[in-house]
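**Q** If you want the building blocks of each chain, they are given just below.
There are 2 protein chains.
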Amino acid sequence: MSEDTGDVKQQRSTNVTWVESAVTREARETRRGHRGAVLWFTGLSASGKSTLATEVEKELFSEGYFSYVLDGDNFRHGLNGDLGFSPEDRTENIRRVGEVAKLFAESGALVLTAFISPYRRDRDRVRALVTRPQDFIEIHVSCPVNVCEARDPKGLYKKARAGEIPNFTGIDAPYEKPREAEITVETDVGDVKTCARQVIDFLRTHEYISQKPQPRSNKG
Amino acid sequence: MSEDTGDVKQQRSTNVTWVESAVTREARETRRGHRGAVLWFTGLSASGKSTLATEVEKELFSEGYFSYVLDGDNFRHGLNGDLGFSPEDRTENIRRVGEVAKLFAESGALVLTAFISPYRRDRDRVRALVTRPQDFIEIHVSCPVNVCEARDPKGLYKKARAGEIPNFTGIDAPYEKPREAEITVETDVGDVKTCARQVIDFLRTHEYISQKPQPRSNKG
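Going line by line, the protein sequences match chains A and B.
Everything in the first sequence is counted per the numbering used here, starting at 1 for the first residue and increasing by one.
Everything in the second sequence is counted per the numbering used here, starting at 1 for the first residue and increasing by one.
Be aware that a few hints might be false.
When chains are identical, the list treats them as one kind, so a pair holds in a single copy or across two.
Claimed, not checked - List time: in silico SDA-like cross-link candidates among lysine to any residue, alpha-carbon distance up to 25 Å:
{"no.": "1", "residue 1": "K58", "residue 2": "G33"}
{"no.": "2", "residue 1": "K58", "residue 2": "T30"}
{"no.": "3", "residue 1": "K212", "residue 2": "E88"}
{"no.": "4", "residue 1": "K154", "residue 2": "R132"}
{"no.": "5", "residue 1": "K158", "residue 2": "D124"}
{"no.": "6", "residue 1": "K154", "residue 2": "T24"}
It is worth saying that the hints were derived from the structure and are not from the lab.
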């Protein structure tokens, strides 16, 4: 029994009136001119998830849409600061990210998440969590591990090889590729603009955003 | 060391370019025409937090602003489904709500939270968490416990008196009133419209939203 659910629904006092019509998700989406959804980028460390999510966000913003990137940094230092990298903690990490992403989608935002999310089961759980099936768009940021390791922008692969980071995805912890991702981008083949265009085209074709590109705006 | 932070910043491969200019919070706020902030409603069960938050949201939406209500229901069934009502769990509950509210504010939204949040320390922790001091607006939804108990829309007070809900705020668990809330509304005195107006006026006076009321719109 939750106290927090006991606030309203019906009020006996005439001083506080029950508010019948909250703002619906549909009303928000109509106002914003796009659908709310979770764009779930998954892939190895250094595969380009954050780079790509950031580029897609820029593109969406330039067309006047509202999107927001949830990234590992924000979460590991904030909401999920109490979690480590054990399989259980990784699962809980992704569960919480999924719940937060769902809230953003409900609010009408196009929310982009950039987490390795190596376990298929965890990603499928987020897919099952969202309100509408089309709210979850899985984007496999595909890149061979040797290419990721050659990039190694923060020297994490090097440390993993030296045994300094145990349970490193792709080295001594598994990455389970998506079986039916809505989108697969290959960052070892296409550049970031090309990959971002692929994502935007999907959103357009499936009517998350307007089918016609919106005039670009630099103001505000 | 977080794997999820190891994605970008600098890329060796020419195929993935580091994206310099992410969309800033300032750019979002300019585009939206209002500041991002957390409107933190706190008060006893049945004091009218959710009713009031919902009314404020409606008003904001009708003027074209983007707001979203985070409520106990969504959280207790979702993100915080693993938490109970012990003092420790209540603290963790509010910590997580605070972290999520911060993300919404960062995304440029006016986010309204409707949680009892009985401990001053927990609320102050959220206040300390947000990026800018003015991001946190504490709203004390004040109502004498006997009035809340008379309302008792879900019969929770009755159950608490019968000993069926232990640790019920205001009955056998403490509610620590805010000492320096930005806004105090008295729901036993003013009706919901009046209280909502008080909140909107604060947002206007302190330039979270335009100082002049925006034309009302019913379209989308």
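**Q** Next step is simple, just say for each hint if it's right about the structure.
**A** Now the hints, each set against the structure:
In this assembly of identical chains, K58 and G33 lie within 25 Å of each other by CA distance both inside one copy and across copies; the values are 17 Å within and 19 Å between. In this assembly of identical chains, K58 and T30 lie within 25 Å of each other by CA distance both inside one copy and across copies; the values are 21 Å within and 15 Å between. In this assembly of identical chains, the alpha carbons of K212 and E88 never lie at most 25 Å apart, being 44 Å within a copy and 51 Å across copies at closest. Taking the shortest Cα distances, K154 and R132 never come within 25 Å of each other, neither inside one copy (37 Å) nor across copies (30 Å).
In this homomeric assembly, K158 and D124 never come within 25 Å of each other (Cα to Cα): the closest approach is 31 Å inside a single copy and 42 Å across copies. Within a single copy, K154 and T24 get their C-alpha atoms only as close as 43 Å, which misses the 25 Å cut-off; across copies the closest is 24 Å, which meets it.
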